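A.B. asks: This is what each chain is made of:
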Amino acid sequence: MIKTITAITNGTGAFQAVQMRRCDSGYELLSVHDESSGLALSEMTVGGFDSGRTAFYRIKVPSVKSEQMDNLVRMQAEALLPLPMEQMELNWRSRRFEEGKAEVTIAAARLIQLERYQREMERFRPQRIYLSGEAVVKVWRELYGGGEETSAVVYVGPQNTHICLSAGGRLTHAVSSDVGRAELEKEVAGEGSLQRLIQDIRHGLELFGEEVNAKGIELLCEEGDSMSPVVERLDRMGVEVRQMQADMGKLKLSDSVSVSQVYWYLVPIGLGMMGLKENGDELDLFGRWLETGEKDEKKRRVPSLKVTGPLAAVMLVVFFVIYGTIATARLTQKEKLLQTDPNINVRELEYEQAIKRYIALQRVDLLELLQTITECGPKDVMMDGFHYQKGQPVSVTAHTKNQDRIFDFREALQKHFSTVRVQNPTFDKAKKATKFTLTFEYKKTGKR
Amino acid sequence: MDLQISTRDKRALAIGGIGVLVMVLYAYVVNPWLAHQAALQERVEQQEQLLERIGMSASPKAKMAQMLLAKKVPTYTMPEEEDMQRLIFEREFDKQLKKAGVKPKSMPQFISQGKKISQLGVKMLKIQGEGKCKFEQALDLLAAMYENPHLVSVEEFKLTCDEKKRNERLVDVSLTVTTLTK
Numbered sequence: 001m002i003k004t005i006t007a008i009t010n011g012t013g014a015f016q017a018v019q020m021r022r023c024d025s026g027y028e029l030l031s032v033h034d035e036s037s038g039l040a041l042s043e044m045t046v047g048g049f050d051s052g053r054t055a056f057y058r059i060k061v062p063s064v065k066s067e068q069m070d071n072l073v074r075m076q077a078e079a080l081l082p083l084p085m086e087q088m089e090l091n092w093r094s095r096r097f098e099e100g101k102a103e104v105t106i107a108a109a110r111l112i113q114l115e116r117y118q119r120e121m122e123r124f125r126p127q128r129i130y131l132s133g134e135a136v137v138k139v140w141r142e143l144y145g146g147g148e149e150t151s152a153v154v155y156v157g158p159q160n161t162h163i164c165l166s167a168g169g170r171l172t173h174a175v176s177s178d179v180g181r182a183e184l185e186k187e188v189a190g191e192g193s194l195q196r197l198i199q200d201i202r203h204g205l206e207l208f209g210e211e212v213n214a215k216g217i218e219l220l221c222e223e224g225d226s227m228s229p230v231v232e233r234l235d236r237m238g239v240e241v242r243q244m245q246a247d248m249g250k251l252k253l254s255d256s257v258s259v260s261q262v263y264w265y266l267v268p269i270g271l272g273m274m275g276l277k278e279n280g281d282e283l284d285l286f287g288r289w290l291e292t293g294e295k296d297e298k299k300r301r302v303p304s305l306k307v308t309g310p311l312a313a314v315m316l317v318v319f320f321v322i323y324g325t326i327a328t329a330r331l332t333q334k335e336k337l338l339q340t341d342p343n344i345n346v347r348e349l350e351y352e353q354a355i356k357r358y359i360a361l362q363r364v365d366l367l368e369l370l371q372t373i374t375e376c377g378p379k380d381v382m383m384d385g386f387h388y389q390k391g392q393p394v395s396v397t398a399h400t401k402n403q404d405r406i407f408d409f410r411e412a413l414q415k416h417f418s419t420v421r422v423q424n425p426t427f428d429k430a431k432k433a434t435k436f437t438l439t440f441e442y443k444k445t446g447k448r
Numbered sequence: 449m450d451l452q453i454s455t456r457d458k459r460a461l462a463i464g465g466i467g468v469l470v471m472v473l474y475a476y477v478v479n480p481w482l483a484h485q486a487a488l489q490e491r492v493e494q495q496e497q498l499l500e501r502i503g504m505s506a507s508p509k510a511k512m513a514q515m516l517l518a519k520k521v522p523t524y525t526m527p528e529e530e531d532m533q534r535l536i537f538e539r540e541f542d543k544q545l546k547k548a549g550v551k552p553k554s555m556p557q558f559i560s561q562g563k564k565i566s567q568l569g570v571k572m573l574k575i576q577g578e579g580k581c582k583f584e585q586a587l588d589l590l591a592a593m594y595e596n597p598h599l600v601s602v603e604e605f606k607l608t609c610d611e612k613k614r615n616e617r618l619v620d621v622s623l624t625v626t627t628l629t630k
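These protein sequence lines map, in sequence, to chains A and B. If you read the first sequence in this note's numbering, its first letter stands for residue 1, the second for the next number, and so on. If you read the second sequence in this note's numbering, its first letter stands for residue 449, the second for the next number, and so on.
The set of hints was computed from the structure by calculation and includes no laboratory data. Don't take each hint at face value.
[Claimed, not checked] Where chain A lies over chain B, by a calculated footprint (3+ residues, C-beta under 8 Å):
id	segment
1	463-476
2	535-545
3	554-560
4	595-608
[What the hints assert, rightly or not] Part of the chain B face toward chain A, derived, beta carbon under 7 Å:
id	residue
5	I453
6	A460
7	L482
8	R491
9	V492
10	Q494
11	K580
Bear in mind that the values here come from a model prediction, so they are computed numbers and not experimental data. Backbone N, C-alpha and C define an ideal beta-carbon position, used for all residues, glycine too.
The following block holds chain A by itself, in its conformation from the complex (with noise of 0.2 Å):
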């Protein structure tokens, strides 16, 4: 369970970060931060995606399966989205509807605007980035007692405004109006910026629908401060407004921070509030760059590159100079082999060796050749004579008086020499017996 978490809201406007935590109340707000020079994270780091750079599109389809619900949800965002799929990130959200239809809620956002805040994120390592209308509305619930029905829910932040619808206790639509707190607060006269920000809640409103348009707004109010110019001007245009003050019974505040302070930051507030206790089913954008649960755990267990990387260097360093030593020291050792003795006359070893290696090329093994001979033949033949020439096939010469003999000489032959060959076998009468020449290639006759 998480103890403590950072939310930071980066985009739109200055930035803002608290830091929170549980507690038995309800959230303790910890510290307030409006510079993340000197900000610590904690154990869990969430950011807040501004919900004007979102489109929104409620629609409503058959009660299906979830998994046939993404592909439908899909096929109609496309025919609705003002980019091509491949340029968008969008994620929905299904709530129970009437007659079997579901109301479902899709915010989309350009693929570059998410990115580039993904990457202004980056040094914060943010777990989960949130949408700030979600933010709005999560404060509005924990806060200002905002409950299940369907109202619109307008926040004058800082630097802009958040006019969201809520339906069902979630976000459904939102749209911001760059007009806020700080800039109505620098007019003096005309009343522009006033003018801009009456025109965009009017604006909003009639995107969230007839019915919300008639119920009016419920405006987020800091304790004190009725917000008076805004509820009359709209009053004057027949818009209702509630206003609503913040119940901080459920929010402890640490000695650093003041009740003043909490209305300035509302929104990163509401992301500490979603982070602590996720429904998981949170509108996220930022699903394919923020790795969670079981992928941060796979992250963690991979080391960084600000280890591997110093420790390759260091290693490819160590092999180098190991490398190097070796080479030398085998160099040196041979070196020193050859001038260790200074009788050693390199060109007469050389020329010594150069010949025994001619003499051992020259050599043949004739009495291990005699040998195999006289193993091959058979008892009765009797051997006349064995010549050997260098180069030339063996020849050994003999007779027997049983000419099957011949046959058997000529195979056991075979199994040790080449081309064996009998030659001129001839009866010799005197001797009652058959005279032959066996001739054989010796693989080791050499050249001549």
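Starting from the known structure of chain A, fit chain B onto it as the hints suggest.
C.D. replies: For chain B alone, kept in the frame of chain A given last:
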């Protein structure tokens, strides 16, 4: 001047910087080191080849080759000038024939000069010896042949059985052997 640099730009600059550093390191450290190592390796290989040629290499392969060489050529004396070599060799050959029990028909005779072995700068001489002995004595002669420190190889070996004295296992032996001269 207040220079605003985005995270993306910073990353691009960092990658560029690392790229430049790698190139500089390669050009001034890695490449010269590799060249030095290649030269060193070449010298090591040259020395190793030299040691192999003179039979002093410590590598297992070279040791094995040296062992086989020693088995085939257990002893050898470097060649002398032709006249001296002929004298020494013929005397040693004659001694071997007699020691084996071969009754020579004549003194060992010079047959011919063989080819010149240009890569070694030596010539080959052929000497022939003939005699009569028992078959076992002929085998003894062959077994002891390579103890002659001046012998290169047996060029020709001929054994002919004496028909009349087959029971005594007497054979005529003819042997042509070679030696080297400067």
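A.B. asks: Indicate, hint by hint, whether the structure satisfies it.
C.D. replies: Outcome of the hint check:
no.: 1; hint: 463-476; verdict: violated (count 0)
no.: 2; hint: 535-545; verdict: violated (count 0)
no.: 3; hint: 554-560; verdict: violated (count 0)
no.: 4; hint: 595-608; verdict: holds (count 9)
no.: 5; hint: I453; verdict: 13 Å, violated
no.: 6; hint: A460; verdict: 12 Å, violated
no.: 7; hint: L482; verdict: 10 Å, violated
no.: 8; hint: R491; verdict: 6 Å, holds
no.: 9; hint: V492; verdict: 5 Å, holds
no.: 10; hint: Q494; verdict: 9 Å, violated
no.: 11; hint: K580; verdict: 14 Å, violated
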